[in-house]
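J.: For reference, the chains in residue letters:
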Amino acid sequence: MYKKLSNIDGTENIEQIQRIVDGAYIPRIEANTDYQAYLEWLAEGNTPEEADET
Amino acid sequence: MSVAINGTNGITYNDGSLQPSAPVGKNLIINGNMQIAQRATSVTGITSGGYYTVDRWQQTLSGGGTYTQAQTALTSSDAAFADGFSQSVKYDCTTAYTSANSFSVHRQIIEGQNLQQLAYGTSSAKSVTLSFWVKSNVTGTAVASLYSADSSRQISQTYTIDATNTWEYKTVTFAGDTASAFDNDNAASLYVNLVMATGTDYTSGTLRSTWTTYANADFAAGQTIDISASTSNDISFTGVQLEANTTATPFENLQYGQQLALCQRYLQSSWSQGSAIGSAVSITTNSTQQSWGSNNAGIAGQAFLLPVTMRTSPTLVVYDMALNVGKVTTLGNGAAQINNVAANNSATTTNMFYVRMYANSKVGIAFAHTLTAEL
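Chains as they are written, first to last, in the working numbering: chain A, 1 to 54; chain B, 1 to 375.
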């Protein structure tokens, strides 16, 4: 399970995604294997939770 | 001064000292002597694949079985100790499991940009030799193999464990792949596999002694050893070296700091060397602290430069002083601490990271952290 993150102005943080189980901040960089796992999770039809309000 | 030059052993001087024949940096394996264990020195109850103890070494585990994995010290009674190794990694089966589709492998994955000197994909592709020490209570045949993630090709060799509970030195040589190159980048290219356990789905084919397209049935063909078959079973490794050569040469020993820096390209943490990740933290031990001395609202944060540039932008996990993951501890006047507070923002690059708080009325935050950029 993953969650989107937001910037201070409330816009979506498009540089990272958060893994809920450990709160990990995962950079949206293709070479990062945790991001690769997120992309596989998305490809299975899953959807990340919306970001908390700042 | 007289010297003796030997193609395998290198140059032996008249005082008996040895200058290995291959250049510095010959070992393509990182932490082959199992010296660095940033995560932990012992992990029990392992039921899935991952990185657990010694750095850079991944245990794959699929289908079933439970393991304890530990960095284990060698003593003067161990043959590998006499060869200069003080640490090993031990895999101990604690719940047995056998099925056709199960397997477990002691594996290291290497970046393609660190393999370009092998000239794969050309007529000059170099042979590589894998050497290592192994000890197990189980005797028989095991498989060592290479797999290219860039070409989905593999090559395998077998070796035998001849005596129970005895350190044995093994070498296997693999021909170079003239047909397929490694990508020149920071992604996973070469999987170095020492198979520990496997079901028949992976042994029913033919041993691949030349580079050919991967097939499950051939992955561990020839393997008879199955560490997962009994809770009496264990296997240990150390002194793993992969070098561009047709014979094995003496292990390339690095200073501790050099080895640690190579490992930190893939994993860094705030925990001190010798303290397992997830062990106790405080604002003065195993943690990072940011203090900005203001009670006013706003944005506060601090960027930390990393001691070693990482392979790619790493995944950041933060822990508060009560070890709640994904949370930080805020520090108030008089160092009052509040745990379980969500940080508002963070970022990582290959050489820095930061954690921010928005509209915060405290005077600082403290957190422990890990940065992971494994393959």
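Source of the hints: derived by calculation from the structure; they are not laboratory data.
Careful: at least some of the hints might be erroneous.
As the list claims (entries may be wrong) - Here are the simulated DSSO-like cross-link-like pairs (lysine-lysine), alpha carbons at most 27 angstroms apart as the crow flies:
(1) K3/A with K126/B
(2) K90/B with K26/B
(3) K170/B with K26/B
(4) K170/B with K327/B
(5) K126/B with K90/B
(6) K4/A with K90/B
J.: Could you run down the list of hints and mark each one as holding or not?
T.: Outcome of the hint check:
no. : hint               : in the structure
1   : K3/A with K126/B   : violated (46 angstroms)
2   : K90/B with K26/B   : holds (25 angstroms)
3   : K170/B with K26/B  : holds (18 angstroms)
4   : K170/B with K327/B : violated (47 angstroms)
5   : K126/B with K90/B  : violated (31 angstroms)
6   : K4/A with K90/B    : violated (40 angstroms)
In summary, the numbered hints that this structure violates are 1, 4, 5, 6.
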